[in-house]
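We have chain A; now place chain B onto it with these hints.
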Amino acid sequence: MMVDVGTRILAVEDDERIRTAVKMALEDEGWSVEEAATGEDAIDAFARSPADVVLIDIMLPGIDGFELCRTLRRSSDVPIVMVTARADTHDVVAGLEAGADDYLTKPFAPKELSARIRALLRRARPGQPGHQRLAFGDLEIIPEEGKVTLAGREIHLTKTEFRLLCELGSNPGRVFSREMLLDRVWGYGYFGDGRLVDVHVRRLRTKVEIDPANPRHVVTVRGLGYRLQG
Amino acid sequence: MPRSRTRGLARFRPRRLGLRARITLLFALGALLLSVVLAGTTYVTTRGALLRQRESAIVRQTFIDAKVMREGLKVANANPAELMASVQSVGTVQITVVNGKIVPSNPLVGNNVLPESLVERVNVGVPARMRFDFDGQTQLGVGIPLVGVGAAYYEIVSLKELTNTLRSVAVALIGAAALTTVLGALLGIWASRRVVRPLAEAANAAEAIAGGRLDTRLEAVDDRDLDLLITAFNEMASALQSRVERDARFASDVSHELRSPLMTLSAAVEVLQGRREDLAERAQAALDLLSSEVTRFSGLVEDLLEISRFDAGAVKLDLERVNVGELVHAAVAVSGYEHDVPVLVLDESAGDAVIRADKRRLARVIANLLDNARNYAGGATRVTIERPDGADGDGVVIAVEDAGPGVGPDDRLHIFERFNRGTGAGNRGLSEGSGLGLALVQEHVKLHRGRVWVEDRPDGAEGARFVVELPVVTP
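Listed in order, the protein sequences are those of chains A and B. Okay, so the first sequence: first residue is 2 according to our numbering, each after it adds one. Okay, so the second sequence: first residue is 7 according to our numbering, each after it adds one.
Rather than coming from a laboratory, the hints here were simulated on the basis of the structure. The model shown is predicted, which means the values in this text are computed figures rather than measured ones. In this text, a Cβ means the ideal position worked out from N, Cα and C, and glycines have one as well. Treat the hints with care, as some may be off.
[To be verified] Estimated spans, in silico, between C-beta atoms of each pair: (1) A:17 x B:346: 39 to 47 Å; (2) A:172 x B:293: 41 to 49 Å; (3) B:221 x A:63: 48 to 56 Å; (4) A:221 x B:294: 47 to 55 Å; (5) B:340 x A:123: 17 to 25 Å.
[Claimed, not checked] Some residues of chain B that are not near chain A, with every Cβ distance over 10 Å (derived): (6) 31; (7) 78; (8) 97; (9) 215; (10) 222; (11) 232; (12) 250; (13) 256; (14) 271; (15) 318; (16) 333; (17) 366; (18) 394; (19) 398.
Isolated chain A (complex conformation):
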């Protein structure tokens, strides 16, 4: 399947052979790929011309993948996919907390990476027709414009955080299970990693809650999932 010409991926990987092979495979999938061997190179390249998606190997010489992720996040809401060694290590949670949107474990199939990138680039699903403006107390979402305001002040969310918030807001008061959110936001099936949801909810709370430790908007419903309320 071909995608929009000109969708650019910045692949940050210190192993040249992996970089070359992954670039070839991704280009076959129709993406345009830019390479960086170190975190420093990646920051320079991104500053010159921001990519649409960034792929970061966590094990990098110099500044590591987590630091690179945090640095990029300070100036951009670009979707970031992390490549970690293992799924059950703390690396995954640390990477997500550093700002990554999704992760893959090495070795992954490039087709799987393409699928992940496509899922991340999907536009936020607009709310039900007529819901141009979703209000939850002092929290307002304008899906069409991709805008969120808290007490009248605009706040910046990453694309994935915004989509998560829109999903939760699409059906006010309803409880969304981790599986449901994994499916709707990330496009994962039954065996998706629930930690993606948990960490993104935590990240979202630091932005849309006045006191993230006592959330009033994004509420946990024990054993069931999450709910957005006013």
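For chain B alone, kept in the frame of chain A given last:
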């Protein structure tokens, strides 16, 4: 190590007491020996002194009485009995022998009271005394020849009071000795506890280390002797810890080293797969081989790393409440066997049973069992979900059945060991397995507090049935 050494000693001295018992026994024996020696010496000395004192008093009195008797007997027709009555003291039996005629002060006393040896010595003209037993009591007999009147005068005094005194002393001393021994044993118990306490602490620490808490150390104490043990123990623990950590690092290094070439391989193979149609037929066949081997190699590396992580105790579960029916259906669906293997919920309540599980790990369990059936038994015939103890039971069972040759009773435990390929070990054929699949199944299930085993098919048909039993969450 220390364990096997202890066992070695025990073999050579099979009935040897423990250290604490030995220390206690030594203290008790020491106390017993000391107190026996002390008590014995005290008794002998006391007895000697008391006897000497009493006897010399009796002898002195007898001499005085004998003098009176001799003076009295000089008078013609003197009555020895009357004379004796005039000098009599309480508790004393007097006997006067005048010209071979025995006159006792107490008519009840017979002629045979005096020991012969005493009489013989007095008869030759020597004053003598002698201790002898009479009437069940120790008596002191003193005999004095009455020179010039042809008579001899004897006094016999019971040493009963003295004997009683000495018996009381002996009883007191034996009691003291026994008490001292008991105190010695108690002291021994206390001392042995003190001696053994550091050993017990070392044993606890060693157990903790064996249980995986590698940073366990013994606390330093202000004792030169113990310090040796503690220092040696802590050095051993540090050496062990750094070695285990080195091994763990090695495993993760290997992981990274193997993953990188695999990553390149799988990406490159995918590029080739995208151009498969451009390749000649032979090249396509070669590409398919390459592709399937890369997949298999990835699986092998995954399995090896997974098992080494189990060994390092580094596996963490991402537990959540999971509906068993949904899980099994989803696991079979992603395993790639969904068109060949039906999933049957045999008990109504089984499908909705809820367990606490790491979904992706349990999916691996089911996938590995399905792979195992494919590799060794021509493929699974069905997957069943059951509640063997009914809806109120505490377990739910997921079983994978096949129509293969089955697993013999002797192989049923070994089959879950690593790299065990059953009796047909040499016959690998087109098997895709790493030899770790069932070992990983067992580790995963154990981590979920469940059990896994293999049995015959319940319907009696040929084939094996691999059973995973997991605890159900009570709602």
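- Item | No chain A beta carbon within 10 Å of residue 215 of chain B's | 24 Å, holds
- Could you let me know if the closest chain A CB is still more than 10 Å away from the CB of residue 333 of chain B? Non-interface label fails for residue 333 of chain B: nearest chain A Cβ at 8 Å, not farther than 10 Å.
- Would you say residue 398 of chain B is clear of chain A, with no C-beta pair closer than or equal to 10 Å? Correct as stated: the minimum Cβ-Cβ distance to chain A is 22 Å, above 10 Å.
- Using the Cβ atoms, figure out if residue 17 of chain A sits within 39 to 47 Å of residue 346 of chain B. 42 Å, holds
- State, for the Cβ atoms of residue 221 of chain B and residue 63 of chain A, whether the hinted interval 48 to 56 Å holds or is violated. For residue 221 of chain B and residue 63 of chain A the Cβ distance comes to about 31 Å; the hint is violated.
- Far enough from chain A: is every CB of that chain over 10 Å from the CB of residue 318 of chain B? 12 Å, holds
- Query: Closest CB-CB distance from residue 222 of chain B to chain A, is it above 10 Å?
  - Reply: Check passes; 23 Å lies beyond 10 Å.
- Quick one: work out the minimum CB distance from residue 366 of chain B to chain A and report holds if it exceeds 10 Å, violated otherwise. Violated: least Cβ distance 5 Å, not greater than 10 Å.
- Regarding the assertion that residue 232 of chain B does not contact chain A, is the least Cβ-Cβ distance greater than 10 Å? 40 Å, holds
- Query: Would you say residue 250 of chain B is clear of chain A, with no C-beta pair closer than or equal to 10 Å?
  - Reply: Per Cβ check, residue 250 of chain B is outside 10 Å of chain A; nearest 18 Å; holds.
- Message: Verify this label for me: residue 31 of chain B is non-interface relative to chain A, using a Cβ-Cβ cutoff of 10 Å.
- Response: Label holds. Min Cβ-Cβ 56 Å, cutoff 10 Å.
- Query: Closest CB-CB distance from residue 97 of chain B to chain A, is it above 10 Å?
  - Reply: The claim holds: residue 97 of chain B sits with its nearest Cβ about 101 Å from chain A, beyond 10 Å.
In this structure, the earlier hints numbered 3, 14, 16 and 17 are contradicted, and the remaining ones agree with it.
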